[in-house]
Every structure is written in structure tokens, then in C-alpha cells.
Amino acid sequence: MVEKLLKFITFSVVGIDTCGNILYRNPRFESEFGDVENVFELININFHDVIFSAIKNRYPVTFFDRRHRKVVTGSREYYAVVFLPAEKGTFIVEFWKRNLENIKDELVSGDREVRNVIRKLEIELLATLNRLLITGADVFEFATETGKKLFEYGVVSRLSVVDDSGKVDFGNSGQNVTEVAINGGTSRNLMIKYRIGKESEISFRLLVDFWIKLIKLYSDIKQSNAGMKIAVSRRITLEDTEFVTKLTHRMEEAIEKSIDLVSRANRELFEKCKDSEIKDLFDDIQKRLIGLEDTLKIFSEVVSPPIPEKEIDLLNLLKNLLNSFRRKLPKGINVELMPDSWNPHLIQGESDRLNILFSLLLERALKNITESGNKTGTISVRLNSGEKEYLLTIRDTGKKMLEEEIDELLSVPERLDDAYQSLLLRSIIFQHGMRFTIHVTETGGNTFALIVPRKLRN
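For the sequence shown, our numbering assigns the number 1 to the initial residue and increments by one for each residue that follows.
I should point out that these hints are in silico values taken from the structure, not numbers from a laboratory.
Heads up, the beta-carbon is just placed ideally off N, CA and C, and yes, glycines get one too.
Mixed in with the good hints, there may be bad ones.
Stated by the list, open to error - Distance condition first, Cα-Cα at most 27 Å in a straight line; then the derived DSSO-like pairs of lysine-lysine:
id, residue 1, residue 2
1, Lys-213, Lys-193
2, Lys-319, Lys-120
3, Lys-148, Lys-167
What the hints assert, rightly or not - FRET-style restraints, in silico, Cβ to Cβ:
id, residue 1, residue 2, range
4, Asn-189, Asp-209, 16 to 22 Å
5, Gly-444, Glu-387, 40 to 46 Å
6, Asp-220, Glu-256, 52 to 58 Å
7, Asp-35, Lys-198, 48 to 54 Å
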């Protein structure tokens, strides 16, 4: 649906009356949107399908609140449904495309302050939707976090979110409260009660309607994904304690094998074995001891907590790292940084270790692009803010990673001497209390998603 809308929206024109009934249409409209009697069937009935398809296909989507107008964004261009008066009782509907710079001051009627609030909130709501879908938050958490933003900006003056697990209230109770029931999935029902901050401000009412639709959409996505095996996404399955336990077991095995080899060497020496055999034996001992040394280094990293610096600006750390990384990129491959804001993103941790972690992921993303055989490609680094954590995603346009390549990064390997880098990556993630996911798309491209807490765990 979204692909069809984005492909043909610029050329489709239809004439309607004041009720939206179609009076005439051009062939492009008819061939692509079918025998639609009323234009609001296209705009309203397919609302859910358009958004759902857009998110699945990674199109960024937003809606602005001029009456009966919808804006679908792809990259920096906005696709708009615009109603223009033609003659008495008739309107021309144009599906057309505009650049963000040309449209930014026309998004919502009203004063500049209201326009800025609405625009900022729409972007924040959609960024939160994207972040929480990746972090796996439930519907209650999504409704609470986004609803709090509406309350803080005065769009709603009273808000209550209730489900079986708890209740959150913002503002004082009073009259004229609107109630909305939403199926939260897994036999949990969500009840939302709210009061608009300014009843006379139509843009506030439209924004709240949009917010409710997003909550329902989030619930639908969560329910549709429940119990499904997602073949294109692999998540770390080891708990923290299991990771340490397995690593300890590997270390014990390495020590035992090294001791056995040393004992064998001593016996062979006493039995006066040939020189070449003794040499081979001691070569094997040396390799195993090197593996043991590497394992001990990793184990030491894991069990020693990071020394938190006073404050680290995660955004500034990424900017400096990417400036260095750009210098060694082949011609035709670029890297872009896209934070939700350019304000400081403060966390606790050790900047040196974080630089190692992010460098490893960037190198892996670059490898995916170069191995795809394409001479051009893009690495996109996005940073989104949550109340307790940040979502950092590193996405490449390279070849689809194989399952064994993903396992090399996510699992404790059988052969420690071949996986020092992945163990180092896992230890830094473990130390800083992060969660790490790799998403792979069938058509190519990989996304490394890190949930970075603002504060270190105890």
C-alpha cells in the first residue's frame, strides 16, 4: 500500500464535493486507488494499513494537523494530500510532493508557538514508537511515556493510563474527561482518560487523536509479533549470569588442558622422546597458554566494573569517533549521524571502552558494505532518547549477514582463540548494562541496536 501511494501520489488528481464525494478522477487515480466513492475512504479507512506498512518497510511516517490533510514523509520529502477550492461546491484534491523546507511553516494553522509544539511532539511521538518497538516495551509503557510528553507540553491538562499492572496519573481530576479503552494484548486492557488542554485549539484535539491511533497501532504490532519466530532478527539469548558462567567454564577447561599438556611434556622428557616431538608438544602448550591468557583478560574485563567518568556526552563521543572513522572510508561510502537532538546525551561509563565497542560495530558495518561488492554504501548512526536509556542504532546498506556471522558476535564461542574480538564486545556490553540486538533484512542491510542506560547498574 505504501509503495503504491508513494509511487503514484504525485500524479493522481480527483475532484470532490464538500462532502468528499468523487465527481471526476484522472486515469492515474482510478488505476491505482480503484473505484473509491468518497476520497475519505482512501484517507481514513486505509490509515492503519498505510502506517503499518510504512513501519514494516522502514519508511518514516508523520501526520500534520491541517484539516483533512495527511503528510507521509520519505527521506526529506513530504507527500501531501491537499484540498484546493476550484469552484462553488467543488474541491480539487492533489496528491503531491513537497520539500520539508517549503512546507515547514504551513503545517498547522495557528500561532508560531503552537505550530512548533505540534511539530516537535509529532516527531517525538514517532521517534518513541520506533525506539520502544526495538526495546520491546509493552503498550502501557508506550502510552505512559508518550502521554507524559503531551501533558508536559500542555496538550492535555489531565491524563490517566491504567492497565492490570498499574496506574499512572498526570494532572488534577475534574470534569469533561474523555475515556478510551484499548486492547493491550495478552488479556490486558488499557484505559486512557484525558482532558484537552485548550478545547478551542483544534490542533491539540487532532494531535491527541493521532496519539490514540499510534497507541492502537503499537498494540496491534505487539500482538501480531507475539509468538512469532522472526527469522530476520537475532537477539542475545544469554543472561548476564549465564554469560559469566559459560566464560568461567571455558577458562577452567583451558587451564585443565594446559596442565595436562605440561604434565605430558614432563613425562616425555623423562622418557627421552625425539626432539621434534618435544618441539611440537611445546608449540601446542604455547598456543593453549596464549588462549588461556586471552580468556583471563576477557574475564578480568567482565568482572571488573567500569570506572565511571564524571559525565560522558554520548553524542559528542560519537561525533569524535565518526570524524576519525570517516578518514579511512573508501570513496563512495559515507557515514551519517542522526540524533533526535543536538543537545548533550549524558551517560555514565568509560569512554575508552565505549570507543572500542562502537569502533568494532562500525568496522563490522563497513565490512558488510565492502563484501557486498558495491562501490557505494551508507552507514547510518541514529541516537534516540528515552527516560532511562538511549537507543543507538548503526545501520549499513551492505550484504545480509549470515546466521553464523551473527552467532560469532552474539554467542560465547567454542574456540576462544578465534573470537577475542567478539568476547571483548560482549564484555563491554555486559559491563555497561546494555542490551544488544542485530536486525537483518532479507533484501540486504543490517542494523546493530544498542540500548544504552543513562546510569550504570550497581
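Comparing the hints with the structure gives:
1. Lys-213 to Lys-193: holds, 15 Å
2. Lys-319 to Lys-120: holds, 24 Å
3. Lys-148 to Lys-167: holds, 13 Å
4. Asn-189 to Asp-209: 16 to 22 Å: Holds, at about 20 Å.
5. Gly-444 to Glu-387: 40 to 46 Å: Taking Cβ atoms as reference, Gly-444 and Glu-387 lie about 34 Å apart, which means the hint is violated.
6. Asp-220 to Glu-256: 52 to 58 Å: Since Asp-220 and Glu-256 have Cβ atoms about 53 Å apart, the given range 52 to 58 Å holds.
7. Asp-35 to Lys-198: 48 to 54 Å: violated, 41 Å
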